[in-house]
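Q: Once you have looked at the hints, place chains B, C and D on chain A.
Chains as they are written, first to last, in our numbering: chain A, 4 to 269; chain B, 4 to 269; chain C, 4 to 269; chain D, 4 to 269.
Hints were generated in silico from the structure; no laboratory data involved.
Treat each hint with caution, since some may be false.
Note that identical chains are pooled: a pair holds if it fits in a single copy or bridges any two copies.
Simulated crosslink set (EDC-like; lysine to aspartate or glutamate; CA at most 20 Å straight-line) [said to hold, decoys possible]:
1) K151 - D108
2) K131 - E104
3) K131 - D106
4) K151 - D251
5) K131 - E80
6) K138 - E91
7) K131 - D55
8) K138 - D106
9) K151 - D245
10) K138 - E152
11) K131 - E74
12) K151 - E74
13) K138 - D23
14) K151 - D11
15) K138 - E80
16) K84 - E43
17) K138 - E51
18) K131 - E152
19) K138 - E196
Note that the coordinates shown come from a computational prediction; the quantities given were computed from them, not determined experimentally.
There are 4 protein chains.
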Amino acid sequence: MNLLVSRDVQPENSVVRVGDVAFGDGGFVVMAGPCSVENEEQLMACAEVIADCGGQLLRGGAFKPRTSPYEFQGLGEPGLKLLELARERYGLGIVTEVVTEADVDLVANYADLMQVGARNMQNFALLKALGRCGKPVLLKRGPSATLKEWLMAAEYVLANGNPDVVLCERGIRSFDSHTRNVCDITAVPAMKEMTHLPVILDPSHATGRRSLVAPLARAAVAVGADGLLVECHPNPDAALSDGAQSLDLTQFRQLMMTLPCRILKA
Amino acid sequence: MNLLVSRDVQPENSVVRVGDVAFGDGGFVVMAGPCSVENEEQLMACAEVIADCGGQLLRGGAFKPRTSPYEFQGLGEPGLKLLELARERYGLGIVTEVVTEADVDLVANYADLMQVGARNMQNFALLKALGRCGKPVLLKRGPSATLKEWLMAAEYVLANGNPDVVLCERGIRSFDSHTRNVCDITAVPAMKEMTHLPVILDPSHATGRRSLVAPLARAAVAVGADGLLVECHPNPDAALSDGAQSLDLTQFRQLMMTLPCRILKA
Amino acid sequence: MNLLVSRDVQPENSVVRVGDVAFGDGGFVVMAGPCSVENEEQLMACAEVIADCGGQLLRGGAFKPRTSPYEFQGLGEPGLKLLELARERYGLGIVTEVVTEADVDLVANYADLMQVGARNMQNFALLKALGRCGKPVLLKRGPSATLKEWLMAAEYVLANGNPDVVLCERGIRSFDSHTRNVCDITAVPAMKEMTHLPVILDPSHATGRRSLVAPLARAAVAVGADGLLVECHPNPDAALSDGAQSLDLTQFRQLMMTLPCRILKA
Amino acid sequence: MNLLVSRDVQPENSVVRVGDVAFGDGGFVVMAGPCSVENEEQLMACAEVIADCGGQLLRGGAFKPRTSPYEFQGLGEPGLKLLELARERYGLGIVTEVVTEADVDLVANYADLMQVGARNMQNFALLKALGRCGKPVLLKRGPSATLKEWLMAAEYVLANGNPDVVLCERGIRSFDSHTRNVCDITAVPAMKEMTHLPVILDPSHATGRRSLVAPLARAAVAVGADGLLVECHPNPDAALSDGAQSLDLTQFRQLMMTLPCRILKA
Numbered sequence: 004m005n006l007l008v009s010r011d012v013q014p015e016n017s018v019v020r021v022g023d024v025a026f027g028d029g030g031f032v033v034m035a036g037p038c039s040v041e042n043e044e045q046l047m048a049c050a051e052v053i054a055d056c057g058g059q060l061l062r063g064g065a066f067k068p069r070t071s072p073y074e075f076q077g078l079g080e081p082g083l084k085l086l087e088l089a090r091e092r093y094g095l096g097i098v099t100e101v102v103t104e105a106d107v108d109l110v111a112n113y114a115d116l117m118q119v120g121a122r123n124m125q126n127f128a129l130l131k132a133l134g135r136c137g138k139p140v141l142l143k144r145g146p147s148a149t150l151k152e153w154l155m156a157a158e159y160v161l162a163n164g165n166p167d168v169v170l171c172e173r174g175i176r177s178f179d180s181h182t183r184n185v186c187d188i189t190a191v192p193a194m195k196e197m198t199h200l201p202v203i204l205d206p207s208h209a210t211g212r213r214s215l216v217a218p219l220a221r222a223a224v225a226v227g228a229d230g231l232l233v234e235c236h237p238n239p240d241a242a243l244s245d246g247a248q249s250l251d252l253t254q255f256r257q258l259m260m261t262l263p264c265r266i267l268k269a
Numbered sequence: 004m005n006l007l008v009s010r011d012v013q014p015e016n017s018v019v020r021v022g023d024v025a026f027g028d029g030g031f032v033v034m035a036g037p038c039s040v041e042n043e044e045q046l047m048a049c050a051e052v053i054a055d056c057g058g059q060l061l062r063g064g065a066f067k068p069r070t071s072p073y074e075f076q077g078l079g080e081p082g083l084k085l086l087e088l089a090r091e092r093y094g095l096g097i098v099t100e101v102v103t104e105a106d107v108d109l110v111a112n113y114a115d116l117m118q119v120g121a122r123n124m125q126n127f128a129l130l131k132a133l134g135r136c137g138k139p140v141l142l143k144r145g146p147s148a149t150l151k152e153w154l155m156a157a158e159y160v161l162a163n164g165n166p167d168v169v170l171c172e173r174g175i176r177s178f179d180s181h182t183r184n185v186c187d188i189t190a191v192p193a194m195k196e197m198t199h200l201p202v203i204l205d206p207s208h209a210t211g212r213r214s215l216v217a218p219l220a221r222a223a224v225a226v227g228a229d230g231l232l233v234e235c236h237p238n239p240d241a242a243l244s245d246g247a248q249s250l251d252l253t254q255f256r257q258l259m260m261t262l263p264c265r266i267l268k269a
Numbered sequence: 004m005n006l007l008v009s010r011d012v013q014p015e016n017s018v019v020r021v022g023d024v025a026f027g028d029g030g031f032v033v034m035a036g037p038c039s040v041e042n043e044e045q046l047m048a049c050a051e052v053i054a055d056c057g058g059q060l061l062r063g064g065a066f067k068p069r070t071s072p073y074e075f076q077g078l079g080e081p082g083l084k085l086l087e088l089a090r091e092r093y094g095l096g097i098v099t100e101v102v103t104e105a106d107v108d109l110v111a112n113y114a115d116l117m118q119v120g121a122r123n124m125q126n127f128a129l130l131k132a133l134g135r136c137g138k139p140v141l142l143k144r145g146p147s148a149t150l151k152e153w154l155m156a157a158e159y160v161l162a163n164g165n166p167d168v169v170l171c172e173r174g175i176r177s178f179d180s181h182t183r184n185v186c187d188i189t190a191v192p193a194m195k196e197m198t199h200l201p202v203i204l205d206p207s208h209a210t211g212r213r214s215l216v217a218p219l220a221r222a223a224v225a226v227g228a229d230g231l232l233v234e235c236h237p238n239p240d241a242a243l244s245d246g247a248q249s250l251d252l253t254q255f256r257q258l259m260m261t262l263p264c265r266i267l268k269a
Numbered sequence: 004m005n006l007l008v009s010r011d012v013q014p015e016n017s018v019v020r021v022g023d024v025a026f027g028d029g030g031f032v033v034m035a036g037p038c039s040v041e042n043e044e045q046l047m048a049c050a051e052v053i054a055d056c057g058g059q060l061l062r063g064g065a066f067k068p069r070t071s072p073y074e075f076q077g078l079g080e081p082g083l084k085l086l087e088l089a090r091e092r093y094g095l096g097i098v099t100e101v102v103t104e105a106d107v108d109l110v111a112n113y114a115d116l117m118q119v120g121a122r123n124m125q126n127f128a129l130l131k132a133l134g135r136c137g138k139p140v141l142l143k144r145g146p147s148a149t150l151k152e153w154l155m156a157a158e159y160v161l162a163n164g165n166p167d168v169v170l171c172e173r174g175i176r177s178f179d180s181h182t183r184n185v186c187d188i189t190a191v192p193a194m195k196e197m198t199h200l201p202v203i204l205d206p207s208h209a210t211g212r213r214s215l216v217a218p219l220a221r222a223a224v225a226v227g228a229d230g231l232l233v234e235c236h237p238n239p240d241a242a243l244s245d246g247a248q249s250l251d252l253t254q255f256r257q258l259m260m261t262l263p264c265r266i267l268k269a
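Bound-form chain A, shown alone:
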């Protein structure tokens, strides 16, 4: 493939920098936070623990793509302002989702890393706008996207002028409903053979079940992922979205203690 994303074109790893955090330099970046930004108290509780445990970026959704129009759709710009406040207080860069090209400029005013959700992996108008947004992009794999389609989606961003794309495996659709999705963990090393871009894993969406997040996070390290995107919440049972897959803050702290990467990075 003669693509911008291809190792044929660039053999060495791309290093994508988000502030002083680097993806793809051999380190392992942990991004964590709630699925949705709900209120100041919830977000700050998360941010404090994440910063304290060595998490590097804070995730939180202000614009939420939801299957039903009657589900909580996120706080919108007030949610972005809370993320900004958390950055100021705790020194964590912000990862947050943008769901439509019309919001790209608004979200880019607040975010350090612009997240494209799985449902939007082939929202080409959004990808083109992100190519011109001036911020790095976190591109989730679509739930039934092949590796080639995922690479091509990244190519849309690069071809429109933005070389800073981090890829995120988050599980694919399958016949077994035991977990929310099936984590295609082999996609991490398979993608890294084909592309120079960093590849991370989201063990929360890949499993949908709290108890499986930590084993899968450790597996991400084992297969050579460049980082994690993981959901946590001060009170998962009361979360407005994705409670079943969110770690509570004690569980998150335990996860961080057991990640072998922490030893490797020392």
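A: Leaving out everything else, chains B, C and D in the frame of chain A:
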């Protein structure tokens, strides 16, 4: 389900009118045309045959979502103008795809039926904008969408003020690459049990192979679909997109002759 | 492919004869009956209606492959004797499943058509034994078998000396649990392009839901299938297996009245 | 679930012993060898390296289930005799596949661990016979089996008298052909929540590609698997089956050096 799309809320079939064409009244609507509008000659050749055979609406893409950024992306507004010209000449209403909320007003100026492609089934910003566009909507099922997710996507349009949605099954992702997708034909009667909205079938995308289009089109009649969306082209082997699944105009004419619906409608 | 099953080797359709019933000669064969043979009363009630409506073969399981070891496993040889009795009384040939090579001779003593279930499509020891059994074989597609794997499974039977194989599409595994399986209806014409063997459809397993059986049965006619395998039961709600997908005898009678094949065969 | 396989019935881990090798005691067992036993030289070359590197069991197929009847089907009993010879020379217990109940006694005369292949996971006659065979069983997950179906298949063995079952995840069918299967790595911890039986991983079949075997093997350790089943061959490019996914003996040695389990076991 207490949804606007549900038969619990409205037991009788919705009839969606596109000009003088009706979906859901017991008839069978054939929409046909090229995957992409390429030029005047190509489009008029299709439109002439479609009108002559009893096809009711002309499809053609001016904004094309393509897996690769380097593939033909459609003619844009000049393509819409060609569709308008075909409508004037042949009296066929126009079905064409809109790929982003930013284009909704532009496309609505030309289209009679606004198509949402499979990749955009959960582009909620687009769905909300279509709820307010004043034109009926053709909503394709996503390649890995469950029936509930598809219904919920339609609910976004209805909840934003537009009751005129036609659903289109076009095949789902599966493990077998023998056909481009696997047509979930049972989805047609299964959806019609749950919703009052019309449901049609796209045998071209569902198979990806010309020789399988006609049998599947006849099956659509057999399961009670309200119509077809089918690709045809004066010279499929030279098509800029989807040639392998496009009927040539003679094959399209033959298909129209053998559809049992034509007898039923007489 | 230079296979015995291939149209390259034999361009014309194979006609598989089961007594005086022929598959593949352009007619449409209906095989019906209960999932499991439960008792004489149940089986004879089915057989009487099937014979009366023009069904040609009686299906019924005596050896049942069941997901759980604690579910009803079939009556065994006494079930085969009941099938024999029904054949004597109603003149219907018998289709019944054989689940292991060790039972091939026993089942062949009773059956007119030896059924291989979906789970056993690649039970190669069984396929080889059926190649030498002297009876025609009904080979169901495995729930995640590609068309090529299915053809190769048939090739095992032919290569071991038995040219009389009828293929049966019965739905494949997918991500959507709305139906028990997803019927890959396009597999019927796609297989018939590649092989000269007859291809039929099982709308009961393909849907798992009674209300969807009749539409799918009609679609089978529309795509050119050579017949149907359909489950019926005098009292589906009390069935020992597969009640939810079994037609009651009135519904079966109605299905037979509306199959367009009956007109075509006249 | 009130099943013999369930943790509700037996909360503590089962330890399955194969000679002096134990699965489920917190250790990590490596089983390796060629896909098919081809000849003495090939098998002994593998066995020597496996024993030298700390591998605990030797795998090798003598009865091979193959998609095509014209592919190499294994050496049969002469292959079993070669495995026996390798056991004598190198002290490695033998894992080999049995494909039909008719062969259970024969294979049990040679094998220390009786393998059930993915295609036979629901070959219930075989499972019942293995319940009475007196040897432990390695039960691979079917390519489209749910976790519940897999548990139920194991239950067939236990319910027929044999408590010694080791489960093996080997990848499932999916839409992406980039790898041979998609490894459902989360199945390992998810199964271990539900059952007390040991669970191992087969990274060779799960990927189908040599370069992905080592990362996936390390991930198996990370998610808490009880061991590995891995294919190696002195000359993979000349292998009669599965060459593309077989490690050569140098690669196998490297894998063994880098498995973190070796450190943990010390």
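Q: Now, for every hint given, state plainly whether the structure supports it.
A: Taking the hints in turn, this is what the structure says about them:
1. K151 - D108: neither (29 Å within a copy, 33 Å between copies)
2. K131 - E104: both (8 Å within a copy, 14 Å between copies)
3. K131 - D106: For K131 and D106, both the intra-copy (13 Å) and inter-copy (14 Å) Cα distances are at most 20 Å.
4. K151 - D251: For K151 and D251, the Cα distance exceeds 20 Å both inside one copy (35 Å) and across copies (28 Å).
5. K131 - E80: Between copies only: 18 Å across chains, 22 Å inside a chain, cut-off 20 Å.
6. K138 - E91: The answer is within: 19 Å in one copy meets 20 Å, while 46 Å across copies does not.
7. K131 - D55: neither (36 Å within a copy, 40 Å between copies)
8. K138 - D106: Answer is within: at 14 Å inside a copy they meet the 20 Å cutoff, but 24 Å across does not.
9. K151 - D245: This pair counts as between: shortest inter-copy Cα distance 18 Å, intra-copy 29 Å.
10. K138 - E152: So K138 and E152 fail the 20 Å test inside a copy (22 Å) and across (32 Å) alike.
11. K131 - E74: So K131 and E74 pass the 20 Å test across copies only (14 Å; inside, 28 Å).
12. K151 - E74: between (33 Å within a copy, 14 Å between copies)
13. K138 - D23: within (14 Å within a copy, 49 Å between copies)
14. K151 - D11: within (15 Å within a copy, 34 Å between copies)
15. K138 - E80: Answer is within; shortest intra-copy Cα gap is 18 Å, inter-copy 30 Å.
16. K84 - E43: Within. Shortest intra-copy distance 10 Å satisfies the 20 Å Cα cut-off; inter-copy 51 Å does not.
17. K138 - E51: neither (25 Å within a copy, 49 Å between copies)
18. K131 - E152: For K131 and E152, only the intra-copy Cα distance (15 Å) is at most 20 Å; the inter-copy one is 26 Å.
19. K138 - E196: The answer is neither: 25 Å in one copy and 42 Å across copies each exceed 20 Å.
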